[in-house]
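Peer 1: Sequence:
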Amino acid sequence: MRVRWVWAFLDLPEEGFDEAVAYWSSATATVVSPRRGDREEFATLLPADGSAWVKVQRVGGRGGVHLDLDVQEPLEVARDEALGLGAEVVAEVPDDDGVLGVVVCRSPGGFVFCLTRWQPHETAAGQVRSGAQTLLDQVCLDVPEPAYAAELAFWSALTGWEVRPGSVPGFTSLLRPDGIPVRLLLQQLVEGEGDVRAHVDFACLDRAAETARHLALGAAVERVEAVWTVLVDPGGRRYCLTDRDPATGLVSR
0 MRVRWVWAFL DLPEEGFDEA VAYWSSATAT VVSPRRGDRE EFATLLPADG
50 SAWVKVQRVG GRGGVHLDLD VQEPLEVARD EALGLGAEVV AEVPDDDGVL
100 GVVVCRSPGG FVFCLTRWQP HETAAGQVRS GAQTLLDQVC LDVPEPAYAA
150 ELAFWSALTG WEVRPGSVPG FTSLLRPDGI PVRLLLQQLV EGEGDVRAHV
200 DFACLDRAAE TARHLALGAA VERVEAVWTV LVDPGGRRYC LTDRDPATGL
250 VSR
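Following numbering that gives the first Met the number 0, the numbering of the sequence shown begins with 0 at its first residue and continues without gaps.
The set of hints was computed from the structure by calculation and includes no laboratory data. Where hints are given, some of them may not hold.
[Unchecked claim] When the alpha-carbon atoms are kept at most 16 Å apart in a straight line, the in silico EDC-like pairs for lysine to aspartate or glutamate are as follows:
(1) LYS54 / GLU39
(2) LYS54 / GLU72
(3) LYS54 / ASP67
(4) LYS54 / GLU75
(5) LYS54 / ASP79
(6) LYS54 / ASP10
(7) LYS54 / ASP141
[Unchecked claim] Derived CB-CB ranges, DEER-like:
(8) ALA225 / ALA246: 17 to 23 Å
(9) GLY169 / GLN71: 31 to 37 Å
(10) GLU192 / GLY83: 24 to 30 Å
(11) GLU144 / VAL30: 21 to 27 Å
Beta carbons are placed, not taken as given, at the ideal position from N, Cα and C, and that holds for glycine.
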């Protein structure tokens, strides 16, 4: 399949949803779109320039992060390809026109993602990276060690993106093609069981300054590593600030 756009979805619990959306809008320097959905559970975080790539969703339970992959092919074709690679279909949702619009899948390691119809008008402006000091541009899949090899093989085959070992042991990235807004990184966890989960990462030119900005918004520092800082948002969700160039997404030191 040909992936034409990637959406990073922040799945936020019902309790505290409005506050969480406000936090992430401030953290990403975006404006929240009008809400949509039967329960007004969806919104998009709109950047000042270019096309959006981050959405929020109100969910039951603890929430988390998932990916929507906009694909060029009919979703029936993309679904069958994902199934052939080891995915499981969780649900299928038609659009208003009756055509299949969303296929909810689960990866071999248990990570939930969606295959969605590409809407060229939504992404025509492209992502604007030039001049950014910081950018939420990466979803990191946190993979228990026994599932790591299979999960990496699945995502590489599904996207067709080249695999590149990370600059830090235990991390592997998939090279983001030009025009795709979200980079994928897989982290091998030491734990031996559980489903694959995910968190978002910001690329930062000045991690210390960006840490101070997020703390002022209400985040807390969990720990500081050589090239990244783990933060916790006011709702308890972990994410990272990383020493990467927002223009390229690559490690800057």
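Peer 1: Evaluate each hint against the coordinates.
Peer 2: So, going through the hints one by one against the coordinates:
no.	hint	verdict
1	LYS54 / GLU39	holds (13 Å)
2	LYS54 / GLU72	violated (22 Å)
3	LYS54 / ASP67	holds (10 Å)
4	LYS54 / GLU75	violated (24 Å)
5	LYS54 / ASP79	violated (26 Å)
6	LYS54 / ASP10	holds (9 Å)
7	LYS54 / ASP141	violated (20 Å)
8	ALA225 / ALA246: 17 to 23 Å	holds (22 Å)
9	GLY169 / GLN71: 31 to 37 Å	holds (33 Å)
10	GLU192 / GLY83: 24 to 30 Å	holds (26 Å)
11	GLU144 / VAL30: 21 to 27 Å	violated (40 Å)
Violated hints, in rising order: 2, 4, 5, 7, 11; the structure is consistent with all others.
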